[in-house]
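Protein sequence lines, in the order shown, are assigned to chains S and R.
Each residue of the first sequence is one higher than the last, beginning at 0 in numbering that gives the first Met the number 0.
Each residue of the second sequence is one higher than the last, beginning at 0 in numbering that gives the first Met the number 0.
What the hints contain is simulated information worked out from the structure, not anything from laboratory work.
It cannot be assumed that every hint is accurate.
No copy labels: a pair is met if it fits in one copy or bridges any two.
[Unchecked claim] Straight-line Cα separation of at most 20 angstroms, EDC-like style, residue types lysine to aspartate or glutamate; simulated pairs:
hint : residue 1 : residue 2
1    : K324      : D43
2    : K182      : E197
3    : K147      : D221
4    : K147      : D106
5    : K182      : D255
6    : K147      : D43
7    : K182      : E103
Predicted model only: the values in this text are computed from it and were never measured.
There are 2 protein chains.
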Amino acid sequence: MTDLNTLGPIGLRQRIQQNTPAPAHPETVRGMGDDAAVFNWGNDYGLFATELLLEGIHFDLTYVPLKHLGYKAVTFGVSDIAAMNGLPVQITVSVGLSSRFPVEAVDELYEGIRAACTAYNVDLVGGDTTASRSGLTISVSVIGKVPKDRITYRSTAQANDVLCVTGDLGAAYLGLQLLEREKEVFLADPNMQPNLSEERSYLVQRQLRPDARTDIVHELRDLGIVPTAMIDVTDGLASELLHLCRQSGTGAVIFDENLPIDDQTHLAASEFGVSPITAALNGGEDYELLFTVRPQEFEKLANNARITAIGYLTADPAQVVLATKAGQQTPIRAQGWDEASVSNQ
Amino acid sequence: MTDLNTLGPIGLRQRIQQNTPAPAHPETVRGMGDDAAVFNWGNDYGLFATELLLEGIHFDLTYVPLKHLGYKAVTFGVSDIAAMNGLPVQITVSVGLSSRFPVEAVDELYEGIRAACTAYNVDLVGGDTTASRSGLTISVSVIGKVPKDRITYRSTAQANDVLCVTGDLGAAYLGLQLLEREKEVFLADPNMQPNLSEERSYLVQRQLRPDARTDIVHELRDLGIVPTAMIDVTDGLASELLHLCRQSGTGAVIFDENLPIDDQTHLAASEFGVSPITAALNGGEDYELLFTVRPQEFEKLANNARITAIGYLTADPAQVVLATKAGQQTPIRAQGWDEASVSNQ
């Protein structure tokens with residue numbers, strides 16, 4: 000018998016992928032290996048993605064309001080569709096819950112689910128509600144679509160492409176640190192009020208109620224840009240960049256001073272004694288998009304406040320590095336704080 | 000605060016459905032309310048269904064081999080597609096598992112998943128593998144397709160239609176009773192060997208490794224029959240018949256002597272002191288199809304060994320009854336032994 004930990008989540012994923020036969024249906028354009036599977040759907044491609052969220056692994060109900068959790072679960076699924084440059088059409092949400100939850104708690108959870116469905120313009124079309132002997136379980140599956148000439152895989156970037164990232168990075172991770180600290184304080188003395196002031200509200204919001212970047216999918220279409228490759232930043236920039244480079248057969252250089260990091264993230268990072276660069280690289284749960292464009296396309300994005308160029312791709316797959324102002328280069332390794340969850344897609 | 004148990008699973012499902020807005024996308028042909036959601040997919044309709052299986056609710060690892068569990072999870076999802084008269088195309092399977100599982104256990108689970116994907120001719124295209132703090136969790140989502148003129152809903156049956164069911168009923172429930180009894184014996188004395196002889200193998204197989212009836216979908220097509228309504232028998236015949244009648248606005252008469260019940264089911268029912276009729280009506284997990292055809296269509300099915308006519312639909316929605324040989328009629332009530340799981344679809 001082999002301990003699962005010796006294989007690790009990435010080894011397990013590879014083992015499952017390697018043993019899975021190639022798709023047999025002519026409708027299946029792409030099976031495992033990207034943010035979503037792809038099927039041939041009339042004029043457009045269909046996209047198909049699924050995510051599983053488990054209490055104690057993906058969320059802690061001590062400080063996660065159920066309404067936000069419902070919203071976040073939908074975000075989790077929709078982000079996979081956005082990462083293929085597509086928009087969601089239908090979603091199912093299945094919930095396993097113990098009878099300790101009152102009806103009002105289920106209402107709250109679904110309020111968040113519906114708010115997200117409205118925000119992302121996706122039809123809630125089904126799902127199971129089932130009893131659970133253990134924690135709260137949420138499973139989300141999404142069908143989306145993308146015009147055939149706009150589909151964007153992870154594996155199609157080339158050397159010299161400009162690496163871009165949306166929004167900012169590391170905030171969700173520091174939001175989690177804040178919430179975890181307040182939980183400790185609360186557990187030690189339940190009369191203490193949480194100290195989550197205004198100047199931290201962005202971090203907490205990024206952790207509790209993140210948004211999938213479907214707005215960027217619209218914007219890229221309006222700008223007439225098809226990225227050469229794209230992936231969503233779920234497990235931290237480092238891990239996603241390594242996926243993109245490995246699958247595209249390229250290396251990359253990113254510049255630490257270019258990483259988009261919010262002021263609140265800087266402040267909280269210093270408070271927790273964490274490097275803001277490390278938080279941006281490995282924090283995870285940002286739900287931003289990492290994508291590449293041809294150098295000649297980049298000027299269309301150059302003054303876009305929602306998109307930052309953080310580096311470029313190189314021809315040597317062995318070199319995925321972080322470059323400092325001083326000219327130092329250090330190899331980037333995947334080192335998510337949470338390596339528990341690995342997508343097979 | 001309202002206790003979930005006061006609402007019950009059906010009340011909870013209705014509450015969620017009522018509060019969910021109607022689909023907004025023109026591609027969404029049908030949202031909640033059937034075995035699968037329906038979307039417009041070029042020449043065919045697309046079907047989209049999801050199921051969530053939780054340890055301790057849907058399966059007991061004491062006696063369920065992981066390979067069979069993987070197979071059954073796929074069956075669970077594919078059966079929803081068959082119930083719409085469709086065939087599966089793509090499937091995702093997400094698994095949450097604790098590190099107590101060795102790698103070989105994951106291999107076994109996936110062996111069953113892949114065997115089922117081959118049997119049902121469906122492409123395994125993705126899914127998550129994630130750590131779990133509690134029990135084993137499996138989430139299955141399936142995309143299928145059906146020609147537009149062959150799609151079959153629950154809600155379109157009419158009075159005088161003939162009620163048909165595939166295969167036989169109640170065997171999976173008695174298989175579960177056998178396994179539960181052997182578990183008790185084993186827990187009392189771990190040296191005891193399980194008493195699962197040949198003459199019970201059918202019951203155990205029906206519980207552990209049931210098949211979804213995609214063969215019937217092919218057969219109906221070959222016979223040139225489109226059922227007027229169809230649903231899969233997951234929670235027991237009674238419960239599914241009530242769904243079909245409520246959604247179609249009809250009543251029904253079924254004949255107890257017509258219910259297809261295997262000899263092994265009869266034997267085990269008598270051994271456990273259970274009425275075989277009750278097992279057939281309320282046992283659940285049979286994964287057979289309950290469907291209706293126009294009376295003039297029925298002769299095409301009359302001598303089909305895989306399909307049994309069990310009654311007919313009537314105009315009065317208040318009358319869903321079981322008729323005995325002696326001429327007695329008793330109202331049918333949904334009384335699944337396991338009411339824990341209710342599909343919103």
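A quick look at each hint next to the structure:
1. K324 with D43: Result: close neither inside a copy nor across copies, 44 angstroms intra and 56 angstroms inter.
2. K182 with E197: within (18 angstroms within a copy, 57 angstroms between copies)
3. K147 with D221: within (16 angstroms within a copy, 34 angstroms between copies)
4. K147 with D106: neither (38 angstroms within a copy, 35 angstroms between copies)
5. K182 with D255: neither (32 angstroms within a copy, 59 angstroms between copies)
6. K147 with D43: both (5 angstroms within a copy, 18 angstroms between copies)
7. K182 with E103: neither (24 angstroms within a copy, 38 angstroms between copies)
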